[in-house]
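Protein sequences, first through last, are from chains C and Y. Here the first sequence is numbered in this note's numbering, starting from 1 and rising by one per residue. Here the second sequence is numbered in this note's numbering, starting from 1 and rising by one per residue.
Calculated directly from the structure, the hints in this document are not laboratory data. The model shown is predicted, which means the values in this text are computed figures rather than measured ones. There may be inaccurate statements among the hints.
Claimed, not checked - Computed footprint of chain C on chain Y, listed as stretches where at least three residues anywhere in the stretch have a Cβ under 8 angstroms from a Cβ of chain C:
id, segment
1, 37 to 46
2, 84 to 96
Said to hold, decoys possible - One-sided and incomplete, this derived list gives chain C residues near chain Y with beta-carbon spacing under 10 angstroms:
id, residue
3, A32
4, D209
5, G260
Glycine residues also receive a C-beta, built at the ideal position from the N, C-alpha and C atoms.
Residues per chain, in single letters:
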Amino acid sequence: MTRLMVFLAVVTALLAAVSLLWAPGELLALSARAPDLARTIMFELRLPRTLLGLLIGGGLGIGGAAMQALLRNPLASPDVLGPSTGAALGAVIAGYFLGGGVVAMEIGGIGGAMLALALLVALAGRGAGTATLILAGVAISALAGASVNLALSLAPSPYALYDVMFWLMGSLADRSLPQLLMTAPVMLAAGAVLAAQRGRLDTLALGEDVAASLGVDVARLRWTVIIAVGVMTGAAVAAAGSIGFVGLIVPHLVRPFVAGRPGAALLPSALAGAALLSAADIMVRLPLADQEIKLGVFTALAGAPFFLWLVVRSR
Amino acid sequence: MSLAAIALCRRPMLVPTDIAFSPGTLTGLIGPNGAGKTTLLRALAGLSAGPGVVTLDGAPLRADPHRLGWLPADRDVAWPLKARDLVQLGLGPGAARDDTACMAALALTDAGGFADRAVDTLSTGERARVLLARALAARPAWLLLDEPVANLDPGHRLDVMAMLRGQAAGGVGVIAAMHDLDLAARCDRLVMMADGAVVADGPAAVVLADAALGDVFGVVRGQNGWERLRKAP
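Full structure from sequences and hints, please.
Right, dumping it as structure tokens:
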């Protein structure tokens with residue numbers, strides 16, 4: 001466990017360094033020619049991008065692990081079962097009605113994610129089977145997705161439409177320091193709340209009734225996880241759009257190293273999520289196409305086959 | 001431990017019951033399917049939303065692994081945990097790692113041999129023994145066990161009954177729902193239930209000899225053991 005954490009921390013730090021010092025030759029040349037410009041690039045573009053990648057990746061990882069532990073289901077995660085789409089809807093609505101500021105988007109995103117998550121847990125929480133959970137998630141996701149499309153089709157101008165569509169695809173490029181400052185405290189606070197639940201989430205593996213008989217306040221645990229995961233998902237979507245599959249996949253990568261314990265997977269999932277999203281954000285910067293591939297598109301392209309493999313294996 | 005006037009609103013319904021249990025006794029709960037054994041155990045474990053009050057030493061029950069170990073009849077575990085880690089969970093959420101206690105509990109149910117195996121690779125009976133060890137892990141003062149010998153082979157059924165007798169001899173109050181009337185004879189006290197009500201309560205030999213047994217279960221002891229009692233048309 002400790003060795004796993006150290007390994008993941010080292011990998012994450014290395015990836016963060018690569019992200020920060022991307023194209024070192026050009027950066028060095030630029031700092032010799034125009035030191036002010038180099039400093040601006042470093043602190044106002046690279047730093048927010050790298051730190052947002054770490055925070056959002058970590059949040060998606062720990063949020064996915066917490067949701068899987070809460071619902072006792074390895075197929076649960078905010079991006080598959082609706083909360084991410086709910087966050088997108090909330091942020092779009094906030095953008096329309098409240099002017100699209102960073103704060104409005106974040107509040108809208110958090111509200112949308114929390115609403116979708118509460119609905120999901122109400123429909124399929126208490127010990128419901130995988131089928132009910134997936135069906136409820138699909139329905140919530142479809143409803144929120146259709147509502148986003150409705151909002152898009154009513155966009156006041158084509159430019160607004162483009163803006164929202166590109167944001168929805170998910171990206172960490174060109175994020176600002178204010179966005180980082182809005183996102184960081186929210187992610188860290190919600191992450192700390194989730195991390196504090198890991199013992200109780202482990203106990204939940206025995207079922208809600210046995211956990212209750214061992215002294216877990218199950219209703220309180222459920223609401224704590226819903227609120228924390230909702231806040232994280234909303235803040236992540238508001239800052240970087242929809243980034244799918246990280247929250248679903250990361251706990252699966254981590255759990256074999258913690259002997260399958262759902263709560264013990266929380267902290268390593270945070271680090272692994274940060275590492276995975278940082279790695280993905282480095283991949284999309286490779287000059288493969290004329291334009292940068294959107295990060296959310298890349299994680300979905302890489303993550304969906306993994307999800308399929310998971311489904312096939314669990315059959 | 002006493003349970004006063006429990007009456008659940010939803011079915012299966014438990015007829016208002018006042019029932020008290022004493023420590024150091026192995027009590028068997030018997031009754032046909034749907035008689036209310038599980039409902040009574042859940043109520044005793046403090047898991048029912050009904051209007052009853054469970055008191056322990058005169059005070060209302062509080063969830064605490066050292067006071068009460070509850071084993072549901074359900075043998076499913078959501079995650080492929082190691083047997084050792086699963087038993088550790090019985091010590092309570094966030095409890096310090098105590099391998100000695102876990103191995104001692106696993107030894108009580110003869111499950112020490114698969115301490116490091118994932119529970120999803122165990123047979124149902126083996127998993128049942130690991131789950132029973134989980135309920136024993138914190139050495140609770142009371143054990144509420146829903147069919148602790150279900151799924152076990154004949155040898156381990158006898159082992160578990162002997163172990164439960166040993167727990168009772170050590171001062172633990174054991175209350176166990178069971179279906180095997182021959183094993184039930186090894187209890188100190190039997191509570192027989194039918195349609196949500198206690199219909200007989202007393203020393204095991206007395207309850208098993210009660211004429212009501214035939215009516216409740218529809219069985220009668222014949223020459224070849226228990227035989228089905230045909231109801232008159």
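Hint by hint, here is what the structure shows:
With a cut-off of 8 angstroms between beta carbons, the segment 37 to 46 of chain Y has 3 residues touching chain C; three or more are needed, and the interface restraint holds. Against chain C, the segment 84 to 96 of chain Y contributes 8 residues with a C-beta closer than 8 angstroms to a partner C-beta. That satisfies the three-residue criterion, and the hint holds. Given hint, A32(C) at the interface with chain Y, is violated; its Cβ is 54 angstroms from that chain's nearest Cβ, farther than 10 angstroms. With 10 angstroms as the threshold, the beta carbon of D209(C) comes within range of chain Y, its nearest partner Cβ sitting at about 5 angstroms, so the hint holds.
Proximity of G260(C) to chain Y holds as hinted, the smallest CB-CB distance being about 4 angstroms (cut-off 10 angstroms).
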